[in-house]
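Peer 1: Read off the chains here:
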Amino acid sequence: MNLGTRKLLDRSFTALGIGSIVIMGLALLVVLFPIVTKGVGAVVFKGTIEHRKLLFTEFHHGAARELEKEVALSSNYRQKAFDMLASFDKELEQMPPERQDQYRDSYEQVKAALRALLGPLPGEEQPELARFRFGQTRWDKAEEKLHNLLYEQKWDYSNPDVIAKPYDVSRAASFAGTSLVRLFPYVEENIDKMMLPEWTFYWGFITDNSLDAHFFGGIWPEIQGTIFLAIGAMVFAFPLGVIAAVYFTEYARDGFLTSMLRSANSTLAGVPSIVFGLFGLAFFINTLHVSESKSVLAGSLTLAIMILPTIIRASEEAILSVPKTYKEASLGLGSTKWNTIVTVILPAAMPGILTGGVISLGRAAGETAPIIFTAAVSVGAAIGLGDVLSSPTPALSWNIYNLASEHEAAAEIRHVQYGMVLALVTVVLLLNLSAIILRARISKKLKG
Amino acid sequence: MPMSLEATEIKKNSQSAALDIYLPPERKKISGGGVPHVVAKNFSIYYGEFEAVKKVNADILSKYVTAIIGPSGCGKSTFLRAINRMNDLIPNCHTTGALMFDGEDVYGKFIDEVLLRKKIGMVFQKPNPFPKSIYDNIAYGPRLHGVKDKKTLDGLVEKSLRKAALWDEVSDRLDKNALGLSGGQQQRLCVARTLAVEPEILLLDEPTSALDPKATAKIEDLIQELRGSYTIMIVTHNMQQASRVSDSTMFFYEGVLVEHAPTAQLFTRPKDQMTEDYITGRFS
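Those protein sequences? They're chains A and B, same order as listed. Final position of the first sequence in the UniProt record's numbering is 448; the numbers increase by one with none missing. Final position of the second sequence in the UniProt record's numbering is 284; the numbers increase by one with none missing.
For the record, the hints were derived by calculation from the structure and aren't laboratory data. Be careful, since some hints might not be right.
To be verified - Label-pair distances were calculated between CB atoms; the ranges are:
#1 B:Gly180 x A:Ala15: 37 to 47 Å
#2 B:Lys109 x A:Leu257: 25 to 35 Å
#3 B:Glu169 x A:Ile243: 51 to 61 Å
#4 B:Phe110 x A:Ile243: 23 to 33 Å
#5 B:Phe283 x A:Lys447: 36 to 46 Å
#6 B:Gly48 x A:Ser293: 52 to 62 Å
#7 B:Asp149 x A:Leu433: 37 to 47 Å
#8 B:Arg162 x A:Leu385: 53 to 63 Å
Stated by the list, open to error - Here are the simulated DMTMM-like cross-link-like pairs (lysine to aspartate or glutamate), alpha carbons at most 25 Å apart as the crow flies:
#9 A:Lys337 x B:Glu200
#10 A:Lys445 x A:Asp254
#11 A:Lys327 x B:Glu198
#12 A:Lys444 x B:Asp172
For each residue, glycine too, the CB sits at the ideal point set by N, CA and C.
The shape of chain A in the complex, shown without the other chains (with noise of 0.2 Å):
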């Protein structure tokens, strides 16, 4: 190969690596950007007057006083509003009966919108769910309610050939020559004096549990249980996964047993996260028993089972990487192998070790399918350290998978949806950050 050819591929070579390093991080990015963003929008947000009453009266966060001089300024704008409703309800009542059925169920969606709008209307029973209790409590969820006040949705059929197509039309001209086409314009006029928007940072979003599935309050329960079940799973598979590794290592002669385990082990490695699932249902809680029902201990184990491999393998790259001459001088100096094992194989493969346990510390906190039929319930308050023996927590990997599938209002809380996102993103990352200083400190103490 002459130089010049060789020169060119060099400088080709380099520039696919950067090539792949510079997608890798526009795919992250990519991925990270809606995350962030979005999920922020779950903390910091235009919070509504509803907002505070909500906060005030289910989680007592706020002060009294200044929440009773908001209401009181709102009531006015809004007493405006009801007075419109009113004044409807008699000229409907005059009206003869053939008009009053051309109004009825118009009319309804009206006072519909407006209870989304702005929480139960005077006269009203207080609804059982909480979500009906409360308008709404963030400004962009209420400049959509207004829309629908302001406008009913209809759809064009007049093509076959196409899809309908939905097209928006003015409530305020259905009720033409009435009383209440004031409200509409009333209503859009004055909206930010009902609601009285502000910035808010709701941290009580990391540190509340939820209220009416998620549909209020925060994820302090998941986050929680995330926690729970990561850490539970460590304690159990970290030193089995250790210990299993210093046996492979040290004491077994290779032989066929010996090489039977180390692929078993591997294998093991790559079973869906499923099927150990469906494994920790049915022997750690169904022939184990080791709780009534879902748990979080059965769910570590189960997570515990899974990341085991991992370690093993990670465990055993680190001490087989230890050079010979550690073990040797060891020994020579009159230590007995386990001694060597403790004081100077294990310490010096350390770094190695961590590594294979934050890699598993991630996985064990993002899986789903591990947890869904052995730990994770999709609702639920924060448990004591105490419950942990007997009680399934929320957790944010289910909860996350749950608000997008099967939640029956998902729709209108998507962003609790990216807050736990961000939420989880964030504990693996702290987890992990946590370990790989703890790995710092032990490489700069092995480097002097």
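Given chain A, work out where chain B should sit, using these hints.
Peer 2: Below, chain B alone, put in the same frame as chain A:
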């Protein structure tokens, strides 16, 4: 303890007078030294089927320095490592014949190899300090053997470092990581670490082959310092080194102990043609 026939015989022999034939007459005699400390009788070492060391008969005299020379792969390191049973680490390595240490069969059934290695310390080819502080490196052995008292440990650390001529260089940074030392300092640290468990024999397996000439000279000085206090065996590739530091020299070739004689005699008037060819550089 059942003892092989050879072992019993050696035990009888070792009661007899010091084996002065191995010692240089012009050197100052060491009081209390010169008795057989390690005795090999028809001692062979096998790696599986391969006989790496063949029927060696030798007496290593206490408190003197014995050098082992020979070309690569001649079995000199294997022989050295057999003395404190470091060869146990190698799978399917076994021995025949007898190797006696202080009248006990090293490969006997009831020998505790951990205790044996405490008495027979070893320094390896490449400096291998633990990734711990200098202090912890030295204190590692004593701690293993149950010394817990801080004052006793401090004393031991200082004494060992002084013996290894390293104290003046590291006394102000005992808590620093040992891997921060230079290669020569690391090797002297390894010697100090071995001395800290108060062994009787010091096995040096090519201790200077990874060091520069200056560091090598320091190690050689150190060996001279330690001569008379410990029985020292040193494997070396460097014949000048063997002639400088040792009292007697063993020449191995292809697993066979060709000649064992006082160093001055072996290097000036070798009895064996093979030895002469080797020390004059006809082969290596």
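Peer 1: Next step is simple, just say for each hint if it's right about the structure.
Peer 2: Tested hints:
Roughly 40 Å separates the CB atoms of B:Gly180 and A:Ala15, a value that falls within the hinted 37 to 47 Å. Taking the beta carbon of each, B:Lys109 and A:Leu257 are about 28 Å apart, inside 25 to 35 Å as hinted. Distance hint check for B:Glu169 and A:Ile243: the Cβ-Cβ separation is about 41 Å, which falls outside the suggested range of 51 to 61 Å. Range check, B:Phe110 to A:Ile243: about 31 Å between beta-carbon atoms, so the 23 to 33 Å window is met.
The given range of 36 to 46 Å is respected by B:Phe283 and A:Lys447, whose C-beta atoms sit roughly 43 Å from each other. The beta-carbon spacing between B:Gly48 and A:Ser293, approximately 58 Å, falls within the hinted interval of 52 to 62 Å. The given range of 37 to 47 Å is respected by B:Asp149 and A:Leu433, whose C-beta atoms sit roughly 41 Å from each other. The hinted window of 53 to 63 Å between B:Arg162 and A:Leu385 holds, with their beta carbons roughly 54 Å apart.
Pair hint A:Lys337 plus B:Glu200 holds up; C-alpha atoms about 22 Å apart against a cutoff of 25 Å. Proximity of A:Lys445 to A:Asp254 is assessed by CA-CA distance (about 34 Å); at most 25 Å being required, the pair is judged violated. Restraint check for A:Lys327 and B:Glu198: the C-alpha separation of about 20 Å stays at or below 25 Å, so the hint holds. In summary, the hint linking A:Lys444 to B:Asp172 is supported, as the alpha carbons are separated by about 20 Å, within the 25 Å threshold.
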